[in-house]
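K.L.:
Sequence:
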Amino acid sequence: MKIKSLLFILGMLCLALPMVAQEPDAKDILDRTADAFRREGGVKIGFSVRAPEGNSNGTICLKGDKFLLETEGMKTWFDGRTQWSYLASSDEINVSEPTPEELQSINPYSWLSLYNQDYKLKVAKIGNASDNTTYKVVMTATKRSQDIQCLILYIEKGSFRPLRLSMVQRGSKDAVVVFINSYQAGKSYDDSLFVFDKRAFPTAEIIDLR
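Just so you know, the sequence shown maps onto residues -21 to -1, 1 to 189 in mature numbering (1 follows the signal peptide of the UniProt record, and there is no 0).
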């Protein structure tokens, strides 16, 4: 091989190596994840939760910042401002207007609007060093007053869809872990799905906490 050709190939390799080795930073990963979620329209997710107080399963339907959450014994509607929570055990509806931080403990996707505020972000290594399919992003609160002190997201590299998240709340040492079991995108949801309909719960007592 001619020297000029060899030097040209080596030069191209040197230029390509930084491009291959370069990984997106934590904010870029979360920006792409948020963009991918918003492009998918209505989404229905099946999940399971592992928490210190016990395990549970549920589904959540999402459309922008609206959601309908169903878990064992509870159903929650949120239209972007007002939240209605139905407790089957007491047959009552609690009506409130939650803050963005209060939504963190209810909607696993609330981090979409929070990661740019008061959180330090970093990409961490995954225990299995051979795993090249998943990003691990750690969000650490910069203020002790924040409800969620640490949030860890595992995100699929190809689709930028969350696979799992764990969170530690203020005053607790134990993490709550949410596993994404199913993910259906492109759903067409009417806004009325995210608003409580009293006709469906005629005997429920309504408690207005606003």
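Possibly wrong hints are sitting among the right ones.
The following label-pair restraints were derived from C-beta to C-beta distances [said to hold, decoys possible]:
#1 S75 / K23: 37 to 47 angstroms
#2 E76 / R149: 15 to 25 angstroms
#3 S124 / E76: 11 to 21 angstroms
FYI, nobody ran anything at the bench for these hints, they're computed from the structure.
No residue lacks a Cβ here, since even glycine has one placed at the ideal position from N, Cα and C.
K.L.:
Hint by hint, note whether the structure agrees.
P.N.:
Status of each hint after checking the structure:
1. S75 / K23: 37 to 47 angstroms: The hint (37 to 47 angstroms, Cβ to Cβ) is violated, given that S75 and K23 are roughly 24 angstroms apart.
2. E76 / R149: 15 to 25 angstroms: Distance hint for E76, R149 holds at roughly 21 angstroms.
3. S124 / E76: 11 to 21 angstroms: 20 angstroms Cβ-Cβ, so the 11 to 21 angstroms window holds.
The structure fails to meet hint 1 from the earlier list, while all remaining hints are met.
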